[in-house]
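*Asks:* Each chain, letter by letter, is given below.
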Amino acid sequence: MSAVFVEDLTMRYRGHTALDGVGLEFQENSIHGLLGRNGAGKTTLMRILTGQEFATSGRVEVFGQPPRENSAVLSRVCFIRESLKYPTNFKVREALAAAAIACDAWDAAFAERLVRDFALPAHRPLKKLSRGQLSAVGIIIGLASRAPLTLFDEPYLGLDAVARQVFYDRLLEDFAEHPRTIVLSTHLIDEVADLLEHVVLIDAGRVVIDADADELRGQAVSVAGSAEAVSAYAQGVAPLHRSELAGRLRVALPRRPARPADGVSVEPLSLQDLIVFSTSQGDRK
Amino acid sequence: MNPTSKAVRVQILKWNQTFAIPWYSLALAITLVVAIYAVVGGGASDSGGHTGAATIFYASSAGTQLWLINQLFPFCMAMSVTRGAFVRATMLVVAAEAVIAGVGLTVLDRIERATDGWFVHVQLLDLPYLHQENVFAQALVYGVPMAAISAVMACVGAVFRTFGQLGLWVFGMGAAFLAAVVFAALTLTHTARSVGHFFASQPSLANLALYPLVVLAVFGGAWALLMMRARI
Numbered sequence: 001m002s003a004v005f006v007e008d009l010t011m012r013y014r015g016h017t018a019l020d021g022v023g024l025e026f027q028e029n030s031i032h033g034l035l036g037r038n039g040a041g042k043t044t045l046m047r048i049l050t051g052q053e054f055a056t057s058g059r060v061e062v063f064g065q066p067p068r069e070n071s072a073v074l075s076r077v078c079f080i081r082e083s084l085k086y087p088t089n090f091k092v093r094e095a096l097a098a099a100a101i102a103c104d105a106w107d108a109a110f111a112e113r114l115v116r117d118f119a120l121p122a123h124r125p126l127k128k129l130s131r132g133q134l135s136a137v138g139i140i141i142g143l144a145s146r147a148p149l150t151l152f153d154e155p156y157l158g159l160d161a162v163a164r165q166v167f168y169d170r171l172l173e174d175f176a177e178h179p180r181t182i183v184l185s186t187h188l189i190d191e192v193a194d195l196l197e198h199v200v201l202i203d204a205g206r207v208v209i210d211a212d213a214d215e216l217r218g219q220a221v222s223v224a225g226s227a228e229a230v231s232a233y234a235q236g237v238a239p240l241h242r243s244e245l246a247g248r249l250r251v252a253l254p255r256r257p258a259r260p261a262d263g264v265s266v267e268p269l270s271l272q273d274l275i276v277f278s279t280s281q282g283d284r285k
Numbered sequence: 001m002n003p004t005s006k007a008v009r010v011q012i013l014k015w016n017q018t019f020a021i022p023w024y025s026l027a028l029a030i031t032l033v034v035a036i037y038a039v040v041g042g043g044a045s046d047s048g049g050h051t052g053a054a055t056i057f058y059a060s061s062a063g064t065q066l067w068l069i070n071q072l073f074p075f076c077m078a079m080s081v082t083r084g085a086f087v088r089a090t091m092l093v094v095a096a097e098a099v100i101a102g103v104g105l106t107v108l109d110r111i112e113r114a115t116d117g118w119f120v121h122v123q124l125l126d127l128p129y130l131h132q133e134n135v136f137a138q139a140l141v142y143g144v145p146m147a148a149i150s151a152v153m154a155c156v157g158a159v160f161r162t163f164g165q166l167g168l169w170v171f172g173m174g175a176a177f178l179a180a181v182v183f184a185a186l187t188l189t190h191t192a193r194s195v196g197h198f199f200a201s202q203p204s205l206a207n208l209a210l211y212p213l214v215v216l217a218v219f220g221g222a223w224a225l226l227m228m229r230a231r232i
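Residue numbers (the numbering used here), protein chains in the order written: chain A, 1 to 285; chain B, 1 to 232.
Derived by calculation from the structure, the hints in this document are not laboratory data.
All C-beta atoms, glycine included, are put in the ideal place defined by N, C-alpha and C.
Misleading hints may appear alongside valid ones.
Stated by the list, open to error - Chain A side only, calculated, beta carbon under 7 Å to chain B, not exhaustive:
1. P66
2. L74
3. V77
4. F79
5. E82
6. L84
7. A98
8. Y168
Claimed, not checked - To be clear about the criterion: a stretch of chain B counts as covered by chain A if any three or more of its residues have a C-beta under 8 Å from a C-beta of chain A, and this derived list gives those stretches:
9. 141-154
10. 201-212
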């Protein structure tokens with residue numbers, strides 16, 4: 001069953017189209033990656049899904065109902081975004097207490113454990129936290145909310161590599177015990193590539209890729225070798241990216257050609273490279 | 001727990017921010033004024049000493065709504081509280097704030113009367129124009145302006161939330177322009193004095209409770225409309 005269903009969704013601001021006929025589905029109990037460049041429309045989409053923004057046109061359903069001003073739907077949703085404004089005079093513990101009131105499935109013990117894992121000073125006012133510590137507060141709220149639909153929009157701005165790994169580990173552990181729908185929007189694609197089960201790539205307000213992550217990882221390849229050998233091997237497949245140096249050619253192909261790879265090396269293309277090469281500003285030479 | 005109850009609980013989680021600041025201010029004002037009058041004996045005259053120090057109570061309540069709208073509202077929305085639930089919760093909190101103000105200030109007013117002006121013949125609350133014999137009317141005179149101030153400040157906060165700094169500037173300029181137009185019209189038609197007489201002839205209960213109620217309805221309605229359209 002779909003946690004999220006979006007059809008022909010358009011969002012226009014004055015003189016700017018943020019989303020242009022977007023259609024997608026997020027299946028329940030799965031980890032989805034919502035990827036794209038800055039300004040691609042990811043945050044706008046998530047704001048519409050959580051009732052914080054009003055779409056210009058199109059159909060949006062969360063757990064089968066429109067989310068806008070719908071308490072039955074929104075009580076099952078938690079949206080943690082990088083730019084989330086916290087009441088500055090709240091202490092960490094008060095922010096968690098507020099989240100506990102608002103979120104029906106809040107797990108206080110899990111929240112306590114995460115506070116320790118991220119070494120957060122629970123009695124310090126939020127306004128005195130570093131950027132990374134504030135991000136940790138958002139991550140704790142998002143995870144401990146156990147909301148059936150949890151959206152993270154660049155949740156770890158300022159977090160160091162160790163803290164990010166803590167986030168990935170706790171997310172996976174908790175997801176295994178309490179499956180739910182997670183939507184993760186991030187630019188650190190390589191770091192989250194192994195977490196994702198489904199990937200949606202948005203570019204300039206349109207869905208460019210909407211596919212199973214394993215399928216994507218298996219399909220796209222990087223081919224390197226002499227210019228003649230690579231051209232011969234890649235014939236008939238439009239490359240996503242092409243670079244040439246000293247007679248050696250490297251191309252990124254969206255799928256593996258159905259012919260023997262003679263004289264060329266073929267490697268799976270990383271999810272990050274696939275995303276970079278698939279966006280409109282990527283190098284398509 | 002229903003969504004409105006959740007939003008109320010989040011709003012009063014920091015209860016000293018939501019409710020207590022005006023009371024801290026008033027306690028400080030009473031302490032200072034009583035101390036000053038005790039030292040200088042300023043209230044020992046036949047007419048007693050009147051001070052407007054209690055206005056600090058209303059002035060210091062003004063920031064609460066700005067805090068609620070610009071800091072707590074976006075946080076609540078992230079926690080998936082609906083706009084409607086937040087608006088209803090705020091109405092309940094403002095109503096509670098007004099009731100507490102009305103009852104609390106009336107109790108202090110009676111203490112002031114019973115102690116002959118805090119034992120130093122000073123009047124902070126039992127001012128001539130505010131004075132009501134009926135306890136209920138006295139509570140209205142103290143409580144309704146509190147709700148009206150909250151509504152005005154909430155409306156200002158919602159304008160800023162919805163339209164940003166430019167919107168707030170336009171709102172301010174518009175209000176100033178409207179006031180200037182009304183003043184000019186009254187002056188040109190030589191009716192300013194009549195309007196003054198009208199309000200002067202009204203019972204203080206009307207000026208301090210009924211007309212603030214109209215302000216509450218107008219600004220509260222505008223605030224609710226803006227909040228239902230607010231984007232985060």
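*Asks:* So, for every hint listed, does it hold in this structure?
*Replies:* Verification of the hints:
no.: 1; hint: P66; in the structure: 12 Å, violated
no.: 2; hint: L74; in the structure: 4 Å, holds
no.: 3; hint: V77; in the structure: 5 Å, holds
no.: 4; hint: F79; in the structure: 5 Å, holds
no.: 5; hint: E82; in the structure: 11 Å, violated
no.: 6; hint: L84; in the structure: 5 Å, holds
no.: 7; hint: A98; in the structure: 5 Å, holds
no.: 8; hint: Y168; in the structure: 22 Å, violated
no.: 9; hint: 141-154; in the structure: violated (count 0)
no.: 10; hint: 201-212; in the structure: violated (count 0)
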